[in-house]
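**Q** Given next are the chains, with one letter for each unit.
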Amino acid sequence: MKALTGTGGLLRLALRRDRLQIPLWAVGIMLFVVATASSFDQLYKTAAERAKFAADIASNGAFKALYGAVYDASTGGFTAWRCAGGGVLFAGLMSLLLVVRHTRGDEEAGRAELLGATVVGRYAGVASALLVVGIANLAAALLVVLGMVGLGLDAGSSVALALGIAANGCVFGAIAAVTAQIASTGRAAAGVAGALLGLGFVVRAAGDAGSGTLSWLSPLGWSQAVRAFGDERWWALALPVAAIAVLASIAFALVSRRDLGMGLLPSRPGPASAAASLGSPLGLAWRIQRGAMLGWAGSFLALGLVTGLIAKDVSDVFANNQQFADALRRLGSSGDLVDSFLASILGLLALMAAGYVIQAVLRIRAEETALRAEPVLATSVSRWRWAGPHLACAALGTLVIMLAGGLGLGLVHGLRTGDLGGQLPRLLEASLAQVPAVWVLGGLTFALAGLLPRLVSVAWGVFAAYLLLGELGDALKLPDWVLDLSPFRHAPRFPVDDPRLAPLLALVAATGVLALGGMAGLRHRDIA
Amino acid sequence: METVITVSGLTKSFGRTRALDGLDLVVRAGEVHGFLGPNGAGKSTTIRVLLGLLRADAGSADLLGGDPWRDAVALHRRLAYVPGDVVLWPTLTGGEIIDLLGRLRGGLDRKRRAELLERFDLDPTKKGRDYSKGNRQKVALVAALAADVELLLLDEPTAGLDPLMEAVFRETVEEARHAGRSVLLSSHILAEVEALCDRVSIIRNGRNVESGTLAELRHLTRTSVTAETARPLPDLSDLAGVHEIHRNGTRIHCQVDTAQLDPFFRRLAEAGIHSLTSQPPTLEELFLRHYGDRITEESSGAAAPKEAPAAQEAPAVQEAHQ
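If you read the sequences in order, they're chains A and B. If you want our numbering, it's the 1-based position in the first sequence plus 21. Take the second sequence: its position 121, counted from the start at 1, is 120 in our numbering, and no numbers get skipped.
FYI, nobody ran anything at the bench for these hints, they're computed from the structure. Backbone N, C-alpha and C define an ideal beta-carbon position, used for all residues, glycine too. Watch out, some of these pointers could steer you wrong.
Cβ-Cβ distance ranges computed for the label pairs, FRET-style [to be verified]:
no., chain 1, residue 1, chain 2, residue 2, range
1, B, P37, A, R279, 37 to 43 Å
2, A, P44, B, E165, 49 to 55 Å
3, B, I272, A, L135, 53 to 59 Å
4, A, V140, B, I272, 43 to 49 Å
5, A, G376, B, E173, 49 to 55 Å
Among the chain A residues that face chain B by a calculated CB cut under 8 Å, a handful are [claimed, not checked]:
no., residue
6, T206
7, S294
8, P302
9, R308
In silico contact screen, one side only, chain A against chain B (beta carbon under 10 Å); selected entries [unchecked claim]:
no., residue
10, D62
11, G291
12, G312
13, L392
14, P396
15, T400
Given these sequences and hints, build the entire structure.
**A** See the structure below:
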């Protein structure tokens, strides 16, 4: 097996480079599953409550589509219902990002060439990337099992759930190993693999909404097919294992058929001279930013459409659980359960949009560290005219993707309730109302890029903190002033019957101050 | 004389590393100025200070009559820059990048752009990520040379170019000089500097060690002499400025300080000259003398006459050290 020579060395290198990422992802996946289990434990304390909840879900097509079927009316059963598919989304995202980073990403940066010239076999790169993903998923699975056993859940069933998530997460790592051979950039490879992850969700949802046959085509369905905490079917774990074997051999076959640095698809020539639109810093920023903006807008539209489908049925499912209904009601401004559910979805969209705005603003720093800012700043373009258009794109992009989410939500929910004329405008308005809170994170990211460029990834840390604050803040009974640190607490709650401008203006002002701070920093510091 | 760049006492530190340590540099209007130094000497840092990308800790810099940090935007209209490390936007074509940079500077000469693409044999329809290192360099060169500017800042512009393209590059620099442009050319390719540059600055450890025309710099160094005399030469140790003497009977090879050539040749003539070769120092020797503490000795050994076997050289070297 000369083709695998050096795999061990590359594996150690990859683990060294990922010594922070992998533990963070593993803990994140663990928190997702264990926090879900813990909340079901508190919400449904008696057997009667659990049986009622299980029956409600089973009778609701939309919920079945979103999360699949419940196989056991217990805390463990509910956790498996809620997390078997969702966990694969997280584990799959981790896996595909890791694989792309260590295969196409390295190739793009030229590092693979440096390594490939040493005593390293042709397959070693892909093989070590897949091993990294295997280790990361097993680490996450181990943490999940430990956490669930800690809650007093059955160890064997916990292992079944955790392995179902981990093995199917790995499938998306193997998918990324294939897309990394086909696409010629890391971004495209991750994009295609991510789109397949989304497709996996849609196929599984369509399957579970119908007879269930289609679900067998999706790794997310395979994870649920293990039926952890129900009538466990361990053989379902063979499906992801077989898929990984097939995908890995495809990836290996492709590796040996193509040249380093090239994709399978030949690169097409482009225009010999620039269009008039590409003549200014804004034109350049738009070219750099537009792909991500359109991708996020598409995803938000799809997410809005899917969640719009189930919004109407929320009241049926949760009306009987006073505690859950109360928790949900706190998210909205009116007592109506459906509106409260819509408010929680809008809040979720806003949080995800924060992820968008952070990566969009980080492009400014990325352009700088990649040395692509230098030739632009060596022309008669000031630092403000260079960075400003990226900020404008990020701000506009936030608006566009939130509107796309609101549009999807409003269209489907409006059609289902027969009140399109009423629902669509109020949901569009509500999604717009979230935008200033999202902008604050963009402003913060830019302030970091200008003032503390080395610490710019702190922006992701703040994002994670807000995520946890939103999820666990109430449960942890944190004081109000801590919760108020999150800009999302200050965005108006849906339905926005009484639009008060003051908090919105305050958020916009905060964004402005942060952006000006970043600009002042950028103007006075050295460019990398 | 009018200058386009005047730098004095420039200091810049990155953390504990001192990149520039009191650097001086003067580039006169209309000249091609060679900027030499070993890796890490501070050449790129100097150029980046001149571009207003870095702010100097101390010292003064004057670029085209303005302050490179404060007046960056206005000054950049009058100059073009080729970075040492050319990174292109992966999804933009070479042609798009050339146009973009030209427009950002305030316009470029279409006719000249087309002509340069032709001469550099560059395909403008390829995407940035598909260019080889040499072709990336060409994109940056065409973008800079097509601009109608007063000053060109070129940071190792020919890295990765093949000899044919290197020749084209030299032509374009000559044309720039004829058009009255000033050029600061940082380079490692000494033949290029020797062929193109009017004046040269050599820096080391962020400090200027030598500056002047090539003739002036040569004057400061040594001429290599190989001679055969009728009678064996008497002892030369009383003569100042004669170094690295290698003798083999009536043959002698040594390095002579340019200022001491006259007394040396008088002594040589007394012994009756049969044959004589003398060579001015090459830029390479200048370079090595300033950079290598030990290299100078090694290189003179290599340049010694082939006839002199190594075994007989040993006592000669001893004599040189007496």
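**Q** Each hint needs a verdict: does it hold in this structure or not?
**A** Hints and how they fare:
At about 40 Å, the beta-carbon gap between P37/B and R279/A stays in the expected band of 37 to 43 Å. Checking the proposed 49 to 55 Å range against P44/A and E165/B shows it holds: the Cβ atoms sit about 51 Å from each other. Between I272/B and L135/A the beta carbon distance is about 57 Å. The supplied range of 53 to 59 Å therefore holds. Distance hint check for V140/A and I272/B: the Cβ-Cβ separation is about 60 Å, which falls outside the suggested range of 43 to 49 Å.
Against the hinted window of 49 to 55 Å, the Cβ-Cβ separation of G376/A and E173/B comes to about 54 Å, which satisfies the hint. Nearest Cβ of chain B to the Cβ of T206/A: about 6 Å, under the 8 Å cut. The hint holds. Hint status for S294/A relative to chain B: holds, with the closest Cβ pair at about 5 Å, below 8 Å. Taken as an interface hint, P302/A checks out: its beta carbon lies about 7 Å from the nearest beta carbon of chain B, inside 8 Å.
Given hint, R308/A at the interface with chain B, holds; its Cβ is 7 Å from that chain's nearest Cβ, closer than 8 Å. A distance limit of 10 Å between C-beta atoms decides the matter here; for D62/A the minimum to chain B is near 50 Å, and the interface restraint is violated. At about 4 Å, the closest approach between the beta carbon of G291/A and any beta carbon in chain B falls short of 10 Å, and the interface hint on this residue holds. With a least beta-carbon distance of about 8 Å to chain B, the hint placing G312/A at the interface is held under the 10 Å criterion.
Look at L392/A: its Cβ gets to within about 5 Å of chain B, closer than 10 Å, so that hint holds up. Look at P396/A: its Cβ gets to within about 6 Å of chain B, closer than 10 Å, so that hint holds up. Here the hint on T400/A is kept, as its CB sits about 4 Å from the closest CB of chain B, short of 10 Å.
Checked against the numbered hints above, the structure breaks hints 4 and 10 and satisfies the rest.
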